[in-house]
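Trainee: Chains as they are written, first to last, in the numbering used here: chain H, 70 to 245; chain G, 258 to 795.
In case anyone wonders, no lab produced these hints; they're calculated from the structure.
Since this is a predicted model, take the numbers as computed values, not measurements.
Where is the CB? At the ideal position from N, CA and C, for every residue including glycine.
Relax, there's no trap hidden among the hints.
Partial list, computed: chain H residues near chain G (C-beta under 7 Å):
{"hint": "1", "residue": "92"}
{"hint": "2", "residue": "96"}
{"hint": "3", "residue": "134"}
{"hint": "4", "residue": "139"}
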Amino acid sequence: MSGTQAVVVLVEDHLITLNRVVGLIRRRNFPVQTLSVGPTGMPGVSRLTIMMQSDHAAAERAVQHLQKVVGVHDAAVIPQGDTVARELALVKLRPSAEQYAELLDVVQLYHATLVDESLDAVVLELTGSEAFVLSCLRALERFEIVEIARGGAVAMESGTAELRFGAQPQLEAGAR
Amino acid sequence: MPFYHALPEYPELRHVLVRHEQAAAHAADGYARATGRAGVCVATSGPGATNLVTGLATAHMDSTPVVAITGQVPRAMLGRDAFQETDIIGITQPITKHSILVEQVDDLADAIREALQVATEGRPGPVLVDIPKDVQQAKAVGRSGGQAVGSKTKGRARLAAPPDRLTALAYAAGLLVEAQRPLIMAGHGVILSGAYDELRQLAERTGMPVITTLLGISGFPESHPLHLGMPGMHGEVHVNRAIQQADLILGVGLRFDDRVTGNLAAFARGAKVIHIELDPSEIGKNVATEIGLVGDAREILRELLARVTPRGCEAWHEEIESFRRERQESFRGDLSPAGILAAIDEAAGGRCTIVSDVGQHQMWVAKLYPYQRPNTHLTSGGLGTMGFAVPAAMGAALARPDEPVWAISGDGGFQMNMQEIATMVQEGIPVKMAVFNNGYLGMVRQWQQFFHGRRYSATPIWSPDYVKLAEAYGIFGRRVERGDQVDEAVREAIAQPGPALVEFLIEQEANVFPMIPPGASLSEPIEGEPAAPRLVPA
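Build the full structure now, drawing on both the sequences and the hints.
Mentor: Laid out in structure tokens, this is it:
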């Protein structure tokens, strides 16, 4: 099944390890859409989320390559139907005085948050799926957008399941 | 400097001073291939370290355990473009299995232990340890033995958990027994895991013919009736046709590299593929796979052996026999590569190790040399590194002092690392060197002849007088121009206690046949001289 695949990687929080993972992504031509990295609850361990435009088999192969990198604790693909993924965007706008009320309507409609307000500029925070963020950005185009900062998606599996790390069984009957 | 200052205190470490760092990496690689243990090379920071790069890339592509130790500028100077500073960890990152910058002297011993462990465990590969000068100068508290380092590599030796694993093995064994036209394709993994006996037993029990890839050569005896030969770009016609006609391929420790498969879309379209491989990321990478069996080749072959019932494949053998074609040889006179290789084998009584370089001679060695003993054929397969043979043969000769080790090169590759004759002389390493001299970079010339209208651009190559060169280094040298001179020259070379060099003036425009043109399928070989090639005006 093709589409967006979320690959999650737990790595040592050393720059060299991040460098190795990113080098691998480049070398093996992973079709990466976004990449995000941040700390986890475990000391010394960072969590990378790689969103890839590919089929499941390609994402599984990416996981197998990632698992070979020394410093990668583990990697896994989140099953596609069970992926909860969220992106964050900050948008700086310069609405005219007449547009201000309209802007507040948009903010309310999209459940965006006004995080900074100065004399003639505001900063909005948007959080949601990629589709939500894109749609919201489109709605904001009518105001003067000064700057957009988007983070890559972070993702986890829905439900109570903990992410199942480790290689999947190697029986691939009928794969041909 | 601090490393070398301390070295004489450890006489149990054999140090070999080479003339060029590339040769150090290849020699460590040759030693590693010959022994299965890590070969270690050492270079200084900056240019010394960058000169290792080709050797590390060679080891990486062929999965051999090499540990490179490099000097680095003092920690306080790192990142300031200091004299002879280079980011060797960054440079080598895509071509090493792992690399370690040692930032504290107390971590040094563990870093070396970790490097040796990572290089050799699982799928082997090169590891680089970069040690800043001030770390080398610091005093560490000696800790002999040290703690065992936990497994550093993941994604290895993970057989699917039972019951999936047992299902996969039973399913695979069933396919092996039921197939009408089955084949075994054996790669480097057979040699790395020492699965020689298991491979032979499985072939004999099932009657399956065995194909050995370039790096799988000497994993199965050439003279065995079930041995078919090498597949791929320069594989024999009957080998490639057998692949194309097969209904089942059991791949053992190979990558299904493009030189093996030809055009992937047309590769073995009627065959189900069972792939035994230590590295799960190789399964399904190039070829669609029915069953992937992840793990050590030897262990999995044993598991399969326990599950297959004896059977034969007589009709299939007859069919393959009917595919056999006489190889077109384009040699003039009686000095043929086959004759030279037969003489080398005979003079050594079948006990020698052959290290080949890259090019036409490499294909002749792969196709014609009668390998009977395991792991006696060493060559740079994946990277195709010209200049590999001479230094790698030094490493192999240090590992195998009781048999002749031959470095077989073309005149092009030989000139890339012939400076190492000095190392052989100084260190007493008795490598026997054979130079197949045709006055061309022959394989490139062959491509120019076939695909570029015979425009021999930058392929004619001048050589020095190799006999005088040998004389200059004070070693035995002999030039062979006729078939009747081969035996004596080879015997005398082997009889020398030290290194020896024999130059063979072979046919200048000999070609390697058959040949699958790049991008073509295994069903489209060129079997002889192309008819009336178009001449391109120079």
